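2 protein chains.
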Amino acid sequence: MNGLTKKVLITGGAGFIGSQLARRILNEGSEVTVIDNLFTGSKSNIYDLLDNPRFTFLMHDITQPFWGQFDEIYNLACPASPIHYQRNPVETIKVSFLGMMNTLELALKTKARVFHTSTSEVYGDPHVHPQPETYWGNVNTLGPRSCYDEGKRAAESLCADYIREYGVDVRMIRIFNTYGPFMHPRDGRVISNFIVQTLQGENLTLYGDGSQSRSFQYVDDLLDAMQKYMELPLKKVQQFFQDRNMPVPVLNVGNPGEFSIKELAEMTLSLIPESKSELTFKPLPEDDPKRRRPDITWAKELLGWEPRIALKEGLPKTIEYFRSFIKQK
Amino acid sequence: MNGLTKKVLITGGAGFIGSQLARRILNEGSEVTVIDNLFTGSKSNIYDLLDNPRFTFLMHDITQPFWGQFDEIYNLACPASPIHYQRNPVETIKVSFLGMMNTLELALKTKARVFHTSTSEVYGDPHVHPQPETYWGNVNTLGPRSCYDEGKRAAESLCADYIREYGVDVRMIRIFNTYGPFMHPRDGRVISNFIVQTLQGENLTLYGDGSQSRSFQYVDDLLDAMQKYMELPLKKVQQFFQDRNMPVPVLNVGNPGEFSIKELAEMTLSLIPESKSELTFKPLPEDDPKRRRPDITWAKELLGWEPRIALKEGLPKTIEYFRSFIKQK
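Chains as they are written, first to last, in the numbering used here: chain A, -1 to 327; chain B, -1 to 327.
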């Protein structure tokens, strides 16, 4: 960097999280390059950035190698919602593994710092609750979610080996359920489903009896944690995890506040009082995790961070986004 | 095939198991091509096959694509012993994932039947004992064994997706500890260590107190199971696993007879009475699985197979092989 503008690459930068990260980093004065194959990402998410001279968009699939000299690489590219990643499972596991490999190879050659976004899905259907970073998970290698879960697990192992073998500076987080503006309107996960269904006056679909709990993190909290983590000096990061006997820097980032799916449905209905939607129930899909909640002790300690935006605050902002989005159509 | 000679490809065919499989299949009159990068495989394992007109050796690394028209592909390529796979962990996970991907792509294009050798390591340090195929495992994504364990788990997921999405005919097994002639003399796992140490009059190293149990399968039993499984009609295989609510054909193949490491050490010493070796003890390495034993109910039912060669019968044959091997040097 040496006083020059910081150069940042974001894979998946036209997606829900990546596009907002790109906007933040641009606003801080850095140069941002976004790589996205636009499978689940969308040009409309970064439309306002396209005429910024410090912004570059490259349509590319990270299963193929890519090049460039960057100070920091955020690896966010991967369809994250079951209805998306199950549409082409082979592509999903390839993006996860090959995309990670290509990212790490580039970082190794150019000495870039890497931020990798793993997922709470590596814990699968957990036997430990809440999940600390040291929990190994309970994941099916052969089910319909495996392309995502096992792809992400193998990507973590790749990171661990590039750290151990080659000293690449990789910081990993496991993201728990996150919501907010710029979510894919057909994301297929519960918050966007409920909001879109309620706005369109359709009934809300609950699986099982709706008692399964989820933690919901507002996207701004996630972005805060990501940036704080990425800014830490390498030595501080290394020391922190070494002290905790963890071979690799990995932090849970999520909101530990628990809500049942039914509570979420009822809150959504109450925030859109004009809607005529009602609750309906369907059987639980295969391998659907029953319960997941992050232990964020380490993130608190290392980053001095914790989620600040409660569901009752974040949900109205998300509804507002979807309202304008649906109106535009 | 149509009455023509069957064409078989074996990746990793210059290794311990692959070389003996190649010899068997050649003896049955088929054409055999072996691909091996000779990292842990050895030309000496297939030296007697090289002048057979139905045999072809191709030195190649399966992380790079390969081509050819085969009826059957056995995917065996991967360093399987910790001291080998930890020498280059990034290469190990790449062989596992990319090798599987390249194998499946070739099978998809050419309609070849695939046999994939997964491993009991996908169960990690199991909480269920013995392990049935339905057990999801307990594996660390970030430890020193992860390159192998998670690479193999992701390879299973790839198989599952190529089966579901593209209808590729894949049969998977999870191999438990296997020993016998043609093992790598520096395999680093317990049976070869003990035999080589005893033959050379060195002391035998036990980890912990030596009470951890292992199951030991003689290689001929494994080869019998592999060939029986590969010969079954696709419909029979599909029906069997469908009836058991298993989305993918996967069988444990191992010997459920349990021996403690200490019993094995003592048996080895008693079979080489001229040796002056004694037992020594070291601390347990990180992530070392404490106990693993296959549930082979499904293999018995589907293949009418079970291991027939007991340790007291297989161990002398293996000692004989190592004796001649060490003498040659």
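Bear in mind the hints are in silico, worked out from the structure with no lab data behind them. Since the model is a prediction, treat every value here as computed from it, not as a measurement. Every residue gets a Cβ at the ideal spot worked out from N, C-alpha and C, and that includes glycine. Take the hints with a grain of salt, since some may be wrong.
Beta-carbon label-pair distances, calculated as ranges [what the hints assert, rightly or not]:
| # | chain 1 | residue 1 | chain 2 | residue 2 | range |
| --- | --- | --- | --- | --- | --- |
| 1 | B | R22 | A | S258 | 42 to 48 Å |
| 2 | B | P183 | A | P281 | 52 to 58 Å |
| 3 | A | Y164 | B | R22 | 37 to 43 Å |
| 4 | B | W65 | A | K107 | 25 to 31 Å |
| 5 | A | Y164 | B | W65 | 28 to 34 Å |
| 6 | B | I324 | A | Q67 | 51 to 57 Å |
Covered stretches of chain B, going by a simulated chain A footprint (3 or more residues, C-beta under 8 Å) [stated by the list, open to error]:
| # | segment |
| --- | --- |
| 7 | 134 to 140 |
| 8 | 178 to 189 |
| 9 | 245 to 252 |
| 10 | 306 to 317 |
Status of each hint after checking the structure:
1. B:R22 to A:S258: 42 to 48 Å: violated (58 Å)
2. B:P183 to A:P281: 52 to 58 Å: holds (55 Å)
3. A:Y164 to B:R22: 37 to 43 Å: holds (41 Å)
4. B:W65 to A:K107: 25 to 31 Å: Since the Cβ atoms of W65 of chain B and K107 of chain A sit about 29 Å apart, the hinted range of 25 to 31 Å holds.
5. A:Y164 to B:W65: 28 to 34 Å: holds (31 Å)
6. B:I324 to A:Q67: 51 to 57 Å: Given range 51 to 57 Å: holds, Cβ gap about 53 Å.
7. 134 to 140: holds (count 7)
8. 178 to 189: Per the Cβ count (0), the hint is violated.
9. 245 to 252: Per the Cβ count (3), the hint holds.
10. 306 to 317: The restraint on the segment 306 to 317 of chain B is violated, since only 0 of its residues have a Cβ under 8 Å from chain A and three are required.
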